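Taking the hints as your guide, dock the two standalone chains into a single complex.
For reference, the chains in residue letters:
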Amino acid sequence: MASRTNQPEQFFPRNTIAEKSRPMPMTNLSNLYASAEQGIKEMTGEARDYLKSEAAELRAACAQASASAGALDPDECKRVMAAANSLREIAGSFGYGLVSEVAGSLYTLVANPLWNERRILAVIDLHADAIEAILRQNLKNDGGEIGSAIVASLRKAVQRFAAGK
Amino acid sequence: MDDTNVYDLSKVKIVVADQSQFVRRLLAAVLTGLRAPHPFSADGSDVALRLVAETAPDLIMIDWDLQPMSGADVVRALRDEKTSPNPTIPIIMISGHCALDRVTQARDIGANEFIAKPFTVDAIYKRLVALIERPRPFIRLDSYFGPCRRRKIEEFADDERRRVNPNPIMSTDDAA
Numbered sequence: 007m008a009s010r011t012n013q014p015e016q017f018f019p020r021n022t023i024a025e026k027s028r029p030m031p032m033t034n035l036s037n038l039y040a041s042a043e044q045g046i047k048e049m050t051g052e053a054r055d056y057l058k059s060e061a062a063e064l065r066a067a068c069a070q071a072s073a074s075a076g077a078l079d080p081d082e083c084k085r086v087m088a089a090a091n092s093l094r095e096i097a098g099s100f101g102y103g104l105v106s107e108v109a110g111s112l113y114t115l116v117a118n119p120l121w122n123e124r125r126i127l128a129v130i131d132l133h134a135d136a137i138e139a140i141l142r143q144n145l146k147n148d149g150g151e152i153g154s155a156i157v158a159s160l161r162k163a164v165q166r167f168a169a170g171k
Numbered sequence: 004m005d006d007t008n009v010y011d012l013s014k015v016k017i018v019v020a021d022q023s024q025f026v027r028r029l030l031a032a033v034l035t036g037l038r039a040p041h042p043f044s045a046d047g048s049d050v051a052l053r054l055v056a057e058t059a060p061d062l063i064m065i066d067w068d069l070q071p072m073s074g075a076d077v078v079r080a081l082r083d084e085k086t087s088p089n090p091t092i093p094i095i096m097i098s099g100h101c102a103l104d105r106v107t108q109a110r111d112i113g114a115n116e117f118i119a120k121p122f123t124v125d126a127i128y129k130r131l132v133a134l135i136e137r138p139r140p141f142i143r144l145d146s147y148f149g150p151c152r153r154r155k156i157e158e159f160a161d162d163e164r165r166r167v168n169p170n171p172i173m174s175t176d177d178a179a
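These protein sequence lines map, in sequence, to chains A and B. When we follow this note's numbering, the leftmost residue of the first sequence carries the number 7, and every step to the right adds one. When we follow this note's numbering, the leftmost residue of the second sequence carries the number 4, and every step to the right adds one.
You may find that some hints are simply not true.
Claimed, not checked - Derived SDA-like pairs (lysine to any residue); straight-line CA-CA distance at most 25 Å:
| no. | chain 1 | residue 1 | chain 2 | residue 2 |
| --- | --- | --- | --- | --- |
| 1 | A | Lys-84 | A | Val-129 |
| 2 | A | Lys-47 | B | Ala-31 |
| 3 | A | Lys-47 | B | Ala-32 |
Stated by the list, open to error - DEER-style ranges, computed between Cβ atoms:
| no. | chain 1 | residue 1 | chain 2 | residue 2 | range |
| --- | --- | --- | --- | --- | --- |
| 4 | A | Asp-135 | B | Tyr-147 | 23 to 29 Å |
| 5 | A | Glu-138 | B | Arg-152 | 40 to 46 Å |
| 6 | A | Ser-59 | B | Asp-46 | 14 to 20 Å |
| 7 | B | Arg-53 | A | Asp-148 | 40 to 46 Å |
| 8 | A | Ala-77 | B | Lys-85 | 30 to 36 Å |
| 9 | A | Arg-54 | B | Asp-6 | 41 to 47 Å |
| 10 | B | His-41 | A | Met-30 | 30 to 36 Å |
| 11 | B | Met-72 | A | Glu-48 | 45 to 51 Å |
| 12 | B | Asp-49 | A | Leu-120 | 53 to 59 Å |
| 13 | A | Met-30 | B | Lys-85 | 37 to 43 Å |
| 14 | A | Arg-124 | B | Asn-8 | 52 to 58 Å |
Hints were generated in silico from the structure; no laboratory data involved. Since this is a predicted model, take the numbers as computed values, not measurements. Glycine residues also receive a C-beta, built at the ideal position from the N, C-alpha and C atoms.
Chain B extracted, bound-state conformation (with noise of 0.2 Å):
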């Protein structure tokens, strides 16, 4: 049985930033039916940092592949102590990729969580429900500043490493 606890998120301020409408209304479908606030919208880098500035989220969900300018480069962006309206704003990065490399990657950029896409109401909500109950302490170093990145990448990813296909039509090996 899962144990999960039930939050009221009502209050929740949230921007979502993908380049897919259909993205942003999904995942808007999917947090307000988990009793979160219709979110702030981004189709774009540009507009997704304005929002942070204006709205003063309390979480930004941010695709990989943002344009112009990337996603990570957004999270970068956001983590920059000296620009950066919120320095520790939560985020929680979506991809369509969820191979190792680029689950370390978001880690290690400074993403608070990961998600897979396709996404599940499971999997958006559990990282929620992470931010509140298990939120990691900032780092500060020369290199680095943001979530400690201590974490193992198993439960960085969760979900989503255990629903990968074991035996996908497109190997590793083979696109070596």
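Looking at chain A on its own, in the form it has when it is part of the complex (with noise of 0.2 Å):
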């Protein structure tokens, strides 16, 4: 009869977090959660600023790329992927579903090493002018007809490329 040998050790560590923490049933989670959504709401207009200062930091690497010859080098892709996974990762939580969602699309597309050709940057312009279009436009979550409007284009412009076209 074989035995049963390499049985994994498990044991339950000491749960500090649980330890520390009391519930309260009194609490209202609505009314819990009210109260951390009043925090990032107090953060809104600085958050605006910041989502503007990565928009145009987006647009100035784009300028930096189309200012030299050939495809993307390594710095310009980080410094592409650097600004729209910034807009990407805050924008949401600020109602901006659409700028994340946009700058998502933009990440993925500076990211794939198969698809740095010259093509590309009138892609990521694009992008950057949707992005600057819907902070401008303060379009909230998927901004609506406008926002599908946009994400049909965006689209249309990536299938364009993905082609070779």
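Structure follows, in structure tokens:
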């Protein structure tokens, strides 16, 4: 009969979070969330400035890449991706879900080394245009009809690019 | 109706590690709104590891894209029983990338929970409650030390998976 070897040791470590946390049955979850949401709301003005500055950085990164010859070099890629990632990570927490989506699309595009060719700059510019438009028009969440039109236009541009056109 | 329990977190010590000052401040605003104390703040991997050693926190929330060591490498360092000041410390990995492979990797290197950016108050709070109410046992193998990895990916990423846009501009097909 085979012996049972290599069985993982399993244990529960001390849970200091549970030890230090006290249930509060009389407190309403909605009120708790409202308090945390208020903290986010108080940063809204600062967030808009932050997003605009990151959008400006994205535009500057695009301009730098456009000024040089050939495809994006690694540093140019990193700069674009850093700005896109920053926008993606923050925008949605302040209601700019569409900015997060467009920035995420841009990040994926630039991160793909197979697609690093000169043509990509036009598509990057379109993404930067879209982000600036969304922030300028203060389009929240999915941006409604305008947001749908922006997404549709970007999707076509990406598909054309992917198809080599 | 959400029946998540409410907890007083005022004595829970938390370290937040992210390169972006804005993100650290945002997380601090959410955590203090949830009645946790103001977290200790780390802008890089070195500071994060130092804070864990010096402040003995109950939890660390760490971004994947840290420098000079990545968040993933910090998690590995924290789970090293020989050198870590607290190899069983609860770790919530945070990332702007929530593709399946990233979530899987976070789980497999020893993170307890995963939160995608942009994050929501609900996602953060539910992860905290999961650490309180449903802690996972730790496993010690030759090749791994950390929380049991048997939890399904869907449970690990929970809200993040549901929030992913099913019709993104750039699909993985496009990116292939």
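Against the structure, the hints:
1. A:Lys-84 - A:Val-129: Distance of about 16 Å is within 25 Å: holds.
2. A:Lys-47 - B:Ala-31: Satisfied, since the Cα-Cα distance of roughly 13 Å is no more than 25 Å.
3. A:Lys-47 - B:Ala-32: holds, 10 Å
4. A:Asp-135 - B:Tyr-147: 23 to 29 Å: violated, 47 Å
5. A:Glu-138 - B:Arg-152: 40 to 46 Å: holds, 43 Å
6. A:Ser-59 - B:Asp-46: 14 to 20 Å: Given about 18 Å between the Cβ atoms, the range holds.
7. B:Arg-53 - A:Asp-148: 40 to 46 Å: holds, 42 Å
8. A:Ala-77 - B:Lys-85: 30 to 36 Å: violated, 45 Å
9. A:Arg-54 - B:Asp-6: 41 to 47 Å: Check failed, 35 Å falls outside 41 to 47 Å.
10. B:His-41 - A:Met-30: 30 to 36 Å: violated, 20 Å
11. B:Met-72 - A:Glu-48: 45 to 51 Å: violated, 33 Å
12. B:Asp-49 - A:Leu-120: 53 to 59 Å: violated, 35 Å
13. A:Met-30 - B:Lys-85: 37 to 43 Å: Check passed, 39 Å falls within 37 to 43 Å.
14. A:Arg-124 - B:Asn-8: 52 to 58 Å: The hint (52 to 58 Å, Cβ to Cβ) holds, given that Arg-124 of chain A and Asn-8 of chain B are roughly 56 Å apart.
In summary, the structure is inconsistent with hints 4, 8, 9, 10, 11, 12 from the numbered list given earlier, while agreeing with the others.
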